[in-house]
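Throw the hints in and build the complete structure from the sequences for me.
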Amino acid sequence: MPPPASHPTPDFPSSAALRARDLSRDLSRALPNSCSESRTAPAADAGTEPRAKAATRTTRRAADWRALFHAHDSREVLARLMHDDPLGLRARVAARLAERAYLLDVDRALLRSFARTARAALGYRGDPELDAWLDERIDEAVADLLSEDHEAERSGAALDDRQATVFSTLGRPLGLAPAELRAACVQFNRLPPADRRAFQALVIQGRTLDELAHERRESASDAARAARRGLEALLHGANARQVPTPPSRP
Amino acid sequence: MNRNQLLETLRAILADTGADEPESARHFSLRLARRPAAHGGPRGAGEPGGARGAGEPARARGLAQPGLAELERVHAREVAYLLREAARLRSTLDPRGRSWRWLAGKAGSLAAWRRALHAELELLALDRCRPSCDLARMLELCRGEDVADWPSALELADASLALASDEAGRLERVVALLAGGDFRAAARQAAGELDPWLAPRREGEFLAALAAAREGQARFDEALRFYELALERVERTTGAVAIAAHLLYLALALGERAAALRAADALVHHASRGDFDAREFERCTGELRAATARLRDERSFGVHPTMERQYLRFTAASPAVVRRVAVALS
Chain C
89 MPPPASHPTP DFPSSAALRA RDLSRDLSRA LPNSCSESRT APAADAGTEP RAKAATRTTR
149 RAADWRALFH AHDSREVLAR LMHDDPLGLR ARVAARLAER AYLLDVDRAL LRSFARTARA
209 ALGYRGDPEL DAWLDERIDE AVADLLSEDH EAERSGAALD DRQATVFSTL GRPLGLAPAE
269 LRAACVQFNR LPPADRRAFQ ALVIQGRTLD ELAHERRESA SDAARAARRG LEALLHGANA
329 RQVPTPPSRP
Chain W
509 MNRNQLLETL RAILADTGAD EPESARHFSL RLARRPAAHG GPRGAGEPGG ARGAGEPARA
569 RGLAQPGLAE LERVHAREVA YLLREAARLR STLDPRGRSW RWLAGKAGSL AAWRRALHAE
629 LELLALDRCR PSCDLARMLE LCRGEDVADW PSALELADAS LALASDEAGR LERVVALLAG
689 GDFRAAARQA AGELDPWLAP RREGEFLAAL AAAREGQARF DEALRFYELA LERVERTTGA
749 VAIAAHLLYL ALALGERAAA LRAADALVHH ASRGDFDARE FERCTGELRA ATARLRDERS
809 FGVHPTMERQ YLRFTAASPA VVRRVAVALS
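Chains as they are written, first to last, in the working numbering: chain C, 89 to 338; chain W, 509 to 838.
Note that these hints are calculated values from the structure, not bench results.
Beta carbons are placed, not taken as given, at the ideal position from N, Cα and C, and that holds for glycine.
Take the hints with a grain of salt, since some may be wrong.
What the hints assert, rightly or not - FRET-style restraints, in silico, Cβ to Cβ:
{"#": "1", "chain 1": "C", "residue 1": "LEU297", "chain 2": "W", "residue 2": "GLY613", "range": "38 to 48 Å"}
{"#": "2", "chain 1": "C", "residue 1": "ALA231", "chain 2": "W", "residue 2": "ARG765", "range": "39 to 49 Å"}
{"#": "3", "chain 1": "W", "residue 1": "ARG638", "chain 2": "C", "residue 2": "ASP172", "range": "29 to 39 Å"}
{"#": "4", "chain 1": "W", "residue 1": "ALA619", "chain 2": "C", "residue 2": "THR257", "range": "45 to 55 Å"}
This is the structure in structure tokens:
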């Protein structure tokens with residue numbers, strides 16, 4: 089899907105190009121924390137766990153969900169889920185965000201996924217299969233947060249303390265204030281998945297253009313254009329929120 | 509309409525406050541009780557009698573606090589969703605509401621909605637999540653058998669937005685305003701939604717709602733331009749069929765040849781697609797018929813007899829006919 093016609097495509101004068109390059113470089117350092125598995129998924133979930141052990145764990149998890157979800161209310165299930173993440177939601181959320189190439193705080197997505205899962209748990213009877221059912225809950229959680237972020241941007245709501253800390257950590261290397269980074273992420277997350285994935289592959293994962301083009305079965309210039317739209321969305325969002333820096337006191 | 513004219517029009521619509529809508533004094537919210545329940549509260553997380561046994565670390569209880577706030581938000585979003593669906597169902601009852609339904613999607617099944625409401629109310633009770641008095645009263649009314657006794661679609665949409673504001677809820681509110689005949693407020697709300705954060709599809713939906721509101725205010729030229737803009741935004745989605753149908757009719761009625769051709773092209777494009785949905789097409793032609801009725805009966809809008817004949821041929825719901833109309837126009 090093309091970018092909204094109402095959003096003028098910014099020209100890239102030298103300063104903007106420079107900023108874009110810096111942003112790309114810095115994002116590759118900073119953003120894996122927010123959208124890939126590296127920070128959030130424990131090593132065991134990120135692929136180092138032997139396959140047989142993982143399979144055993146999955147089987148056990150599937151068998152255990154009945155006991156886990158057998159509760160008086162959603163709060164009880166929530167407490168169990170939050171205690172030691174028996175369903176491995178953390179790794180699952182991280183993987184889902186990476187797969188969908190969203191720029192979203194994993195911890196926040198995880199917390200909402202716990203709540204979504206707990207709320208739906210009492211009505212779950214094993215259909216669809218647990219994995220698919222959990223993915224649905226995560227998708228609901230992500231949709232909630234994307235909508236809430238958009239509403240917050242729209243209304244100009246201030247960041248809460250937790251979000252301010254997260255965005256401040258991620259925004260510092262990029263030279264972006266927390267509110268600017270949130271705006272940039274909101275704009276980016278509204279892009280079509282193909283553009284988000286192209287940006288993520290090239291900028292965050294550092295893959296080559298040829299690899300990406302081959303995988304997407306399109307020309308290198310089309311792949312680059314998609315990634316560039318991702319970058320433009322980030323810059324557009326950040327610029328929309330930019331506020332003049334107050335003069336420092338003498 | 510160029511960009512500057514569009515901005516001027518939007519500014520005028522936003523400034524057209526008329527009699528301000530009264531602020532609702534009602535309060536819609538949900539609150540999750542923080543204290544443990546009579547049955548012992550969240551068991552299992554480090555509390556005796558829990559399914560996962562005693563001896564689990566007590567920190568589990570502390571961890572649950574941010575989780576409870578999230579659970580409260582999830583419940584609020586679910587109830588907001590149910591109220592938005594209730595607004596759809598309620599507006600479907602009313603002929604005027606039905607004629608604007610195409611803007612925000614059809615209502616689902618009443619039986620399924622009742623089941624979902626019942627399940628959510630049970631969950632709220634189990635989780636000791638208490639609705640405010642106004643919300644409880646509204647939910648109680650919605651449990652009634654007769655949908656006509658429910659609060660109005662606008663009241664339901666407002667309550668939904670109070671719990672969790674989102675674009676879909678605000679679009680539903682615009683539709684409720686249109687159904688209530690408050691075209692000025694509908695235009696103002698739809699115009700106010702057009703911000704740079706909107707996705708193209710959603711922008712198209714609000715532009716179409718704005719066009720419908722201006723149509724309702726007998727500002728047909730503006731309505732035509734907004735339908736054209738809406739069509740640009742949603743050209744490749746199924747929502748384009750309904751917008752193109754309205755644009756085609758209005759363009760034919762106003763003698764706007766270029767706009768009529770554009771609309772016919774869009775219809776032909778959709779009619780020739782492999783995944784063309786004949787039922788969707790038929791629905792849209794039904795809406796075209798309703799649009800004619802509105803224009804003719806409510807505002808004595810004159811339709812040229814030749815155009816009327818072309819339009820009637822078009823409503824035969826056949827893609828072949830649409831192609832013939834497009835050929836005739838070109």
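Taking the hints in turn, this is what the structure says about them:
1. Between LEU297/C and GLY613/W the CB atoms are about 40 Å apart, so this pair conforms to the stated range of 38 to 48 Å.
2. The hinted window of 39 to 49 Å between ALA231/C and ARG765/W holds, with their beta carbons roughly 43 Å apart.
3. Distance hint check for ARG638/W and ASP172/C: the Cβ-Cβ separation is about 30 Å, which falls inside the suggested range of 29 to 39 Å.
4. Between ALA619/W and THR257/C the Cβ separation comes to about 49 Å, which falls inside the hinted range of 45 to 55 Å.
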